[in-house]
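Residue numbers (this note's numbering), protein chains in the order written: chain A, 1 to 371; chain W, 372 to 667; chain P, 668 to 947.
To be clear, the hints were calculated from the coordinates, so they are not data collected in a lab.
Do not take every clue at face value.
[Stated by the list, open to error] With a straight-line cut-off of 27 Å between C-alpha atoms, the simulated DSSO-like cross-links for lysine-lysine are: (1) A:Lys368 - A:Lys260; (2) A:Lys3 - A:Lys260; (3) W:Lys565 - P:Lys800; (4) A:Lys3 - A:Lys73; (5) W:Lys565 - P:Lys669; (6) P:Lys800 - W:Lys473; (7) A:Lys73 - A:Lys181; (8) A:Lys17 - A:Lys368.
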Amino acid sequence: MGKLILHDIHKSYGKEKVLHGINIETGENQFLVLIGPSGCGKTTLLNIIAGLEQQSQGEILLNDRPLTHLSPKDRDIAMVFQSYALYPSMTVRNNILFGLENRGVPRAERQQILAEVTRMLQIESVLDRRPRQLSGGQQQRVAIGRAIARRPSLFLFDEPLSNLDAKLRVEMRSEIRRLHKQLQTSMVYVTHDQIEAMTMGDLIAVMNGGIIQQLGSPEEIYNNPANRFVAGFMGSPSMNFVPVTVRSGADGLALQVHGKEGGEVILPIPRRIQAALRPQEGRAITLGIRPEQISDPDSAREGEALHTLDLPVDLIEPTGPDTLVFTHLLGHPLVARVHPSTQLSVNGNCSLSLHLERAVFFDADTGKRLA
Amino acid sequence: MVQQHKKSFQRRDQIIAGLMLSPTILAAIFFIYAFILWTIWLSLTRSTILPSNHFIGLANYRDLFGSSRWWRSLSNLGVFGGLYVLISMTIGLVLAILIDQKVRGERLWQMVFLYPMAISAVVTGVAWRWLLDPSYGLQAIIRSLGFSHFHFAWIDDPDLAIYTVVIAAVWQTSGFMMAIFLAGLRGVSADVIKAARIDGAGTVRLYTRVILPSISSTFFVAFILSAGLAIKAFGLIIALTGGGPGYSTNVPTIFMYVFSFERGEMGVGAASALIMLLVMMIVVLPFVLLDARRRA
Amino acid sequence: MKRLMIYLLLIIAALFFLLPLYVMLATSCKTMPEIYSQGILALPSHWNFDAWQHAWSAATIGAGSQGIHPFFFNSFELVIPAVIISTAIGAINGYILTHWRFRGANLVFYLLLLGTVFPFQIILLPMAWVQGKLHIAGTLIPGLVMVHVIYGLAFTTLFFRNYYVSIPHDLVRAAQVDGAGFFRIFWRIILPLSTPIIMVTAIWQFTMIWNNFLFGVVFTNSDQQPVTVAINDLVDTVTSVHMWNVDMAAALIAAAPTLLVYVLAGKYFVRGLTNGAIKG
């Protein structure tokens, strides 16, 4: 049990509109991630779900129960804040018990819940300390413990890991996933970190400008972005975008890349999407191709058609497991991801293969996905 | 499903908040702003011992500005206020800079310079009245040291008594100015100071070229505060000189008190209070405007 | 050399600031003949507390010869309720202005800010009239207490407001999600964090009200006067011989409570002065 439905949520502050009709429906006990650049409305949306702010229009249903007119405390939710918002004057114990007290949970039950939560998060040793005596990671665990103690039907997380260092962040990521499995409860998680979104979410809502750009599983979002914004936002380094023109050639349609200083290159269009691009013939569109889809020629899988080019190397960034090559195609910058053993030299040339089978295409003006 | 949720749960606590704050807002509106209007009205009526609604236009103001005592009060405020602001700010700034030189016992020095602020103006006045007493005070002390012709009897001299008020007021509040300036000095970024040191600035140049220009707003605050204290000074002068000899150390606060509550000329008293408010506004207004522009 | 100059200047300044206190103390512990013969700077040849006793219980103030002690207690009767009430209301107001913001909150802020600067002379006459109509004219309680509470609110509210803006609003949100309402959040979350600002505000109010002269002299009858007014009466009372030692003893008695607070909690007093001044 546990389903969240957001129906046509609008929010404006005076004349300024921040949310323009948000619609989301999650499956049973799903982990929903709201992601987007700052100012996209994701935190506002979370606050509206929490009842800390009031939507201008629209409905929220949690397990078929309308939340709209309920105060935060009656919504059966718990929230973890970016700053943790632990009550500084209370011990860890009282931080966890405060919400239970407010709800009039009987004493015996409170103690039982406290014991359960401390065990689950391994915070026994700090129960009598105050928040400022804890490390960032411990504060984070207590904040989560405080939320769990309430046994809510819905957890809300507002960028909870952004104040942690990189190592701790990775640990807490899997910890939260583990808790999600264990608790079998819906969670809504706001972040601007696309790795968090990809690794944690069952369902990702990519937001920008107060609109959901795409709602889908991590795989869908990554492999099948709905528009150029989503394609560019998810993935690091970002997807490469190259302006091209669709031309008809000997083997059907092909892509013509114009050099910034003259010259041109023709790239073939895979058969699979020939039909989809047919209406674009003669038009300028945008080719989107991820760095890992530009790689060493021998990285091809069985039966995959590659288009190999000799490209100049501008800069090399070894990341460890693989190496990023910054290059350009007739002046259009490209990032490629190659095997670390590949021989490279800056200002030299390098043979790179484009996996055009997996490339995507966007309208040059609207950014809408074409194929 | 287009719905407006104007009134709902969130409003409950917000309404409580509004209810809790409203007594203060109403009190401020009534006891400050309505009272100001009321005083303006009184100043236009023939109110004497009791308020009256008999409108007499600007007659009270004519009386006020026809009164040599009022003119003396205004000029005293100018002399006292000007000197007091200048001297207390200067002493305050110098003390703050001295303390800022990483001196030993910083807190103790501060305690010593600031304790007069904890004492009432009346006690300050009484103490200085004794110190300035020509028969036993500073004049007597210095004469007893052998300077038998030393003359320091300002407090009895109608032309000089106002300067004794300056002395006592400076004594009481220079420490306050020091605290304000010290807070300003401590707000200057340590990196900026380091950078200036590396650029070869000596202590004097460091202060005159880098630190003091960057705390210009502190000067402004100190000016406003000391000017406000000067305009409001009352108990100090009453206890020190009683406004005398004669009315040679009268200031608007004393004039207002005497006319309103001793001489039963409420209309004139109200008019003088209004002029005081105007003087205060002239001092404060540039600050408020500047602040509003900064926030905008 | 430079360090020496710095300390020399500081010592000169310290002497200037300490001189009146020393002279008051020395004078209060001498007899009048000793003052005449030894001057005011000399230490008392023997410490004599007759002047203190006289000031406390026998000096002539106004119509009676009861000494300063009734007025000293008057000031306490005034200060205690006035400080508690104005601080408590200021705390709630500051909490509302920072964590329950509403349309027009800025206007209220400016309304109160101006309430801290105007000269009180502008409200004396209407206030006297209102107190007369309420039949509390001339009284210490509730008359003078009311005046001090009303005109202290702008200060206390701004003190708390300036402190509470630095408390993260997420705490209030978290408490809301935890099921706490307006008062519970204040009691359990905000108030436990407020000890420093309560100290600052209470000490500020205590000092301001204890030392106030204007309201006392305008709004109280002779037997209800606070100690500042009584001191002035004492010094002004013309007798055949001016008892300077008694005057100084009385002045020191009047100054003692605020000086004591200053010595014990000077840190908070300084913070009140600079906070109130700079942020306001």
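Numbers of the earlier hints that this structure fails to satisfy, in rising order: Violated: hints 2, 3, 6.
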